[in-house]
Amino acid sequence: MGITVLTIAERKEREKAERRQEILKAAKAVFFRNGFEHTSMEMIATESQLAKGTLYLYFKSKEELYVSLVEEGIALMSEMMNDAVEKCNTVEEKLMATVEAYYDFTVKHHDYMQIFMAVNIGALDQKVDAEKLEQIQHCKWAEFLRSQALVEEGMRQGIFSPTLDSREAVMLMWASVYGGIMMTTKMCNHLPMFREVDSKKFVMEIARRLHESYKTDAQKQPEKSVAQSAPVAETPLSLAQKKRVQIKSKPVDAKESNAKTTDAKLPDFKTSKLNFNA
146 MGITVLTIAE RKEREKAERR QEILKAAKAV FFRNGFEHTS MEMIATESQL AKGTLYLYFK
206 SKEELYVSLV EEGIALMSEM MNDAVEKCNT VEEKLMATVE AYYDFTVKHH DYMQIFMAVN
266 IGALDQKVDA EKLEQIQHCK WAEFLRSQAL VEEGMRQGIF SPTLDSREAV MLMWASVYGG
326 IMMTTKMCNH LPMFREVDSK KFVMEIARRL HESYKTDAQK QPEKSVAQSA PVAETPLSLA
386 QKKRVQIKSK PVDAKESNAK TTDAKLPDFK TSKLNFNA
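Following my numbering, the numbering of the sequence shown begins with 146 at its first residue and continues without gaps.
Source of the hints: derived by calculation from the structure; they are not laboratory data. All of these numbers come straight from a predicted model, not from anything done at the bench. Glycine included, every Cβ here is placed at the ideal spot set by N, Cα and C. Some hints here could point you the wrong way.
[As the list claims (entries may be wrong)] Listed below are the simulated DSBU-like cross-link pairs for lysine-lysine, each with C-alpha atoms no more than 35 Å apart in a straight line:
#1 Lys345 <-> Lys365
#2 Lys253 <-> Lys272
#3 Lys253 <-> Lys205
#4 Lys197 <-> Lys170
#5 Lys157 <-> Lys197
#6 Lys345 <-> Lys205
#7 Lys253 <-> Lys170
#8 Lys170 <-> Lys360
#9 Lys360 <-> Lys346
#10 Lys360 <-> Lys345
#11 Lys205 <-> Lys232
#12 Lys205 <-> Lys170
#13 Lys232 <-> Lys157
#14 Lys170 <-> Lys277
#15 Lys272 <-> Lys346
#16 Lys331 <-> Lys365
#17 Lys197 <-> Lys232
#18 Lys360 <-> Lys277
#19 Lys346 <-> Lys253
#20 Lys170 <-> Lys365
#21 Lys161 <-> Lys345
#22 Lys232 <-> Lys277
[As the list claims (entries may be wrong)] Computed Cβ-Cβ distance ranges for the label pairs, DEER-style:
#23 Asp310 <-> Asn334: 35 to 41 Å
#24 Ile153 <-> Val252: 40 to 46 Å
#25 Arg165 <-> Glu276: 20 to 26 Å
#26 Arg354 <-> Thr199: 49 to 55 Å
#27 Phe289 <-> Arg159: 21 to 27 Å
#28 Asp274 <-> His183: 19 to 25 Å
#29 Gln302 <-> Met327: 51 to 57 Å
#30 Ala287 <-> Thr191: 34 to 40 Å
#31 His283 <-> Gly180: 24 to 30 Å
#32 His283 <-> Glu313: 17 to 23 Å
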């Protein structure tokens, strides 16, 4: 096997690329800890163990650094989605694989998700070149269009309803998936009913049910009705409601009624019929 000999110019270019990646790695850690507004180039220089002047040889500002990280994150997310979809055959498999890849990205690379947030809320709008921001939005829009193309392919194949609004269907899918991820990960400490839910199963079930609702009647899988399901134990809240219905006496004062409703215990969410922990 021959040995590849690099020229001086090639070696310098490789060293420059490696240094750039080291800076991006350090910047990602600092931005993740402090957020965009509270991060300075000096902090990034310290993290990367470089002189501040050296840092400016690679990036003109923290805004430029931040945009580079956003682009890096979007490229990684797209790569994960591409790899997942390539292994699938049907439209349904590809849509589910896209959702699963997105979920895996948010869990494995949550630092990028936090970095995306500054772009999503417009924190960079007045600080970054408009053309660069448009380029970022175009990359993000490409993932949306990929999902829309899959839905439209499903419509052509007779899997999804021909009257379906593909754009609206994809907006609903991604809004629901993102909400499911947030509720079962970032927000679960404040939402007790989601604390013991298997996050990934929950999110994939959201996607499955949405895709099922998009189908033609002939393509839909039969779902068990409530009557066919196992009886659900009555909760303290439902018992309290039943007792109120059975009372035939004079109307209760509104304040007293509200107080009784507030005092009733909420049902135990862990005994819900939908078990995402199995």
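Tested hints:
no.	hint	verdict
1	Lys345 <-> Lys365	23 Å, holds
2	Lys253 <-> Lys272	29 Å, holds
3	Lys253 <-> Lys205	29 Å, holds
4	Lys197 <-> Lys170	16 Å, holds
5	Lys157 <-> Lys197	20 Å, holds
6	Lys345 <-> Lys205	40 Å, violated
7	Lys253 <-> Lys170	15 Å, holds
8	Lys170 <-> Lys360	44 Å, violated
9	Lys360 <-> Lys346	21 Å, holds
10	Lys360 <-> Lys345	23 Å, holds
11	Lys205 <-> Lys232	41 Å, violated
12	Lys205 <-> Lys170	17 Å, holds
13	Lys232 <-> Lys157	39 Å, violated
14	Lys170 <-> Lys277	21 Å, holds
15	Lys272 <-> Lys346	39 Å, violated
16	Lys331 <-> Lys365	33 Å, holds
17	Lys197 <-> Lys232	45 Å, violated
18	Lys360 <-> Lys277	39 Å, violated
19	Lys346 <-> Lys253	16 Å, holds
20	Lys170 <-> Lys365	47 Å, violated
21	Lys161 <-> Lys345	40 Å, violated
22	Lys232 <-> Lys277	33 Å, holds
23	Asp310 <-> Asn334: 35 to 41 Å	36 Å, holds
24	Ile153 <-> Val252: 40 to 46 Å	43 Å, holds
25	Arg165 <-> Glu276: 20 to 26 Å	21 Å, holds
26	Arg354 <-> Thr199: 49 to 55 Å	53 Å, holds
27	Phe289 <-> Arg159: 21 to 27 Å	36 Å, violated
28	Asp274 <-> His183: 19 to 25 Å	22 Å, holds
29	Gln302 <-> Met327: 51 to 57 Å	32 Å, violated
30	Ala287 <-> Thr191: 34 to 40 Å	36 Å, holds
31	His283 <-> Gly180: 24 to 30 Å	25 Å, holds
32	His283 <-> Glu313: 17 to 23 Å	21 Å, holds
Comparing the model with each earlier hint shows violations of hints 6, 8, 11, 13, 15, 17, 18, 20, 21, 27, 29; every other hint is respected.
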